[in-house]
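Visitor: Produce the entire structure from the sequences given, and follow the hints as far as they go.
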Amino acid sequence: MKEDILTQKKILFQSVDMPKGYEIDREYLKGAVYDSVLLKNKRKSPDRTHFNHLDFGFVYTSELDRLFAITRERFHVKTDISIMMMDFWANNFYPNEQSPITRNRLVYPDLKEAPDWVMIYALEKHPDSSNLVFEYEDTRGQTVMRYHNFKTNDVVWFPSNLKYRFEINRADTPSCFIGVTYTIR
Amino acid sequence: MAHFAKLDTDNTTVLSLVPVADANAATEADGIAYLTKIHGYPNWKQYSYNTVGNTHVLGGTPFRGNAASIGGTYDAENDVFIGRKPFDSWTLNTSTWLWEAPVAEPDKEEYDSGNPKASQGWNEETQSWDLTVDE
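So the protein lines, in turn, are chains A and B.
My numbering numbers the first residue of the first sequence as 1 and each following residue consecutively.
My numbering numbers the first residue of the second sequence as 1 and each following residue consecutively.
None of these hints come from the bench; they were simulated from the model.
Since this is a predicted model, take the numbers as computed values, not measurements.
Incorrect hints may have been included.
Claimed, not checked - In silico negatives: residues of chain A with every beta carbon more than 12 Å from chain B:
| no. | residue |
| --- | --- |
| 1 | Ile5 |
| 2 | Pro19 |
| 3 | Asp35 |
| 4 | Asn52 |
| 5 | Gly57 |
| 6 | Ser62 |
| 7 | Arg74 |
| 8 | Asp110 |
| 9 | Val133 |
| 10 | Glu137 |
| 11 | Thr139 |
| 12 | Gly141 |
| 13 | Lys163 |
To be verified - Keeping only pairs whose Cα atoms sit at most 27 Å apart, straight-line, the calculated DSS-like set for lysine-lysine is:
| no. | chain 1 | residue 1 | chain 2 | residue 2 |
| --- | --- | --- | --- | --- |
| 14 | A | Lys78 | B | Lys117 |
| 15 | B | Lys45 | A | Lys20 |
| 16 | B | Lys37 | A | Lys112 |
| 17 | B | Lys37 | A | Lys20 |
| 18 | B | Lys85 | A | Lys30 |
| 19 | A | Lys42 | A | Lys163 |
| 20 | B | Lys37 | A | Lys2 |
Unchecked claim - Quick list of simulated restraints, FRET-style, between CB atoms:
| no. | chain 1 | residue 1 | chain 2 | residue 2 | range |
| --- | --- | --- | --- | --- | --- |
| 21 | B | Thr126 | A | Gly31 | 36 to 42 Å |
| 22 | B | Val133 | A | His76 | 29 to 35 Å |
| 23 | B | Gly71 | A | Asp4 | 22 to 28 Å |
| 24 | A | Gly141 | B | Thr126 | 34 to 40 Å |
| 25 | A | Asp138 | B | Pro86 | 57 to 63 Å |
| 26 | B | Thr126 | A | Asp65 | 24 to 30 Å |
| 27 | A | Gly141 | B | Met1 | 51 to 57 Å |
| 28 | B | Ser95 | A | Asp25 | 43 to 49 Å |
| 29 | A | Arg140 | B | Ala33 | 56 to 62 Å |
| 30 | A | Gly21 | B | Met1 | 26 to 32 Å |
| 31 | B | Asp88 | A | Asp25 | 39 to 45 Å |
| 32 | B | Val133 | A | Thr61 | 52 to 58 Å |
| 33 | B | Ala33 | A | Asp65 | 17 to 23 Å |
By construction, the Cβ of each residue, glycine as well, lies at the ideal position given by its N, Cα and C atoms.
Guide: Written as structure tokens, this is what we have:
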């Protein structure tokens, strides 16, 4: 039997392992994120009903650049897709907090400006806590939820039309993630 | 201009390709030190832009088998770059370090009577070369 793939919803994931002595300095990145979250409250949107309300802008550093470079290059090798960054942000979830709505990254009023792929990096995540939940329709149009359990220093890639949310943070300390959107070149 | 390949943590997979000015890469070690400082990443290997099939296209000395390519690999044991395997049935020629089809590619001129719109590609299913002519 032959196949002709029309579309695929796939999740790619990997640990961001780096050569010894050149690991990603997560404490440094956490400092930049908490500066935005705790001290400056740099929310992407002041609108409480907008999903961007949960997203915090933070400073672009060389450490972040190293993280984005290695993850983007590995994505390219795996998929043969060349991508360009559009936006990045941080999500911070306190104990018992979760992302309240199912979200995706498409900008429906202007699809030309919409991203193609989303990457989530777990800067600080506790096992079985703040996992990603993806929602999609199966071949009968029924909504299916897929839980993706990942760990600190992992990245997860998925198409931007895939709805997702973060599960509740069951740990005693905050969970912190970096998100990035990409467009195909 | 010197050319360097960024290798993944496994020191095998080529992630990206970067040119470096000769002034910053008098030797390969100098180039690696420069790139490590700039990129905060240590795994680099120099390659020759003009080496293909273990031959230097400008008549010089071939270097590391082939020019590096993204998604290809660096074979440390033989100190050569190898491109991605295009099809499962192809095998590696350890003289040229190029992948070869089980059936030799027909001479294009003979095969398509010199038609410039014709191209030939490997058909993995039939294990043969297919001729395609653009209308």
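Visitor: If a hint holds in the structure, say so; if it does not, say that too.
Guide: Quick rundown of the hints versus the structure:
| no. | hint | verdict |
| --- | --- | --- |
| 1 | Ile5 | holds, 16 Å |
| 2 | Pro19 | violated, 5 Å |
| 3 | Asp35 | holds, 21 Å |
| 4 | Asn52 | holds, 30 Å |
| 5 | Gly57 | holds, 23 Å |
| 6 | Ser62 | violated, 7 Å |
| 7 | Arg74 | violated, 7 Å |
| 8 | Asp110 | holds, 31 Å |
| 9 | Val133 | holds, 30 Å |
| 10 | Glu137 | holds, 33 Å |
| 11 | Thr139 | holds, 27 Å |
| 12 | Gly141 | holds, 34 Å |
| 13 | Lys163 | holds, 31 Å |
| 14 | Lys78(A) / Lys117(B) | violated, 32 Å |
| 15 | Lys45(B) / Lys20(A) | holds, 17 Å |
| 16 | Lys37(B) / Lys112(A) | violated, 37 Å |
| 17 | Lys37(B) / Lys20(A) | holds, 15 Å |
| 18 | Lys85(B) / Lys30(A) | violated, 40 Å |
| 19 | Lys42(A) / Lys163(A) | holds, 24 Å |
| 20 | Lys37(B) / Lys2(A) | violated, 49 Å |
| 21 | Thr126(B) / Gly31(A): 36 to 42 Å | violated, 59 Å |
| 22 | Val133(B) / His76(A): 29 to 35 Å | holds, 33 Å |
| 23 | Gly71(B) / Asp4(A): 22 to 28 Å | holds, 24 Å |
| 24 | Gly141(A) / Thr126(B): 34 to 40 Å | holds, 38 Å |
| 25 | Asp138(A) / Pro86(B): 57 to 63 Å | violated, 34 Å |
| 26 | Thr126(B) / Asp65(A): 24 to 30 Å | violated, 47 Å |
| 27 | Gly141(A) / Met1(B): 51 to 57 Å | holds, 55 Å |
| 28 | Ser95(B) / Asp25(A): 43 to 49 Å | holds, 45 Å |
| 29 | Arg140(A) / Ala33(B): 56 to 62 Å | holds, 59 Å |
| 30 | Gly21(A) / Met1(B): 26 to 32 Å | holds, 29 Å |
| 31 | Asp88(B) / Asp25(A): 39 to 45 Å | holds, 41 Å |
| 32 | Val133(B) / Thr61(A): 52 to 58 Å | holds, 54 Å |
| 33 | Ala33(B) / Asp65(A): 17 to 23 Å | holds, 19 Å |
Taken one by one, the earlier hints fail for this structure at numbers 2, 6, 7, 14, 16, 18, 20, 21, 25, 26, listed in ascending order.
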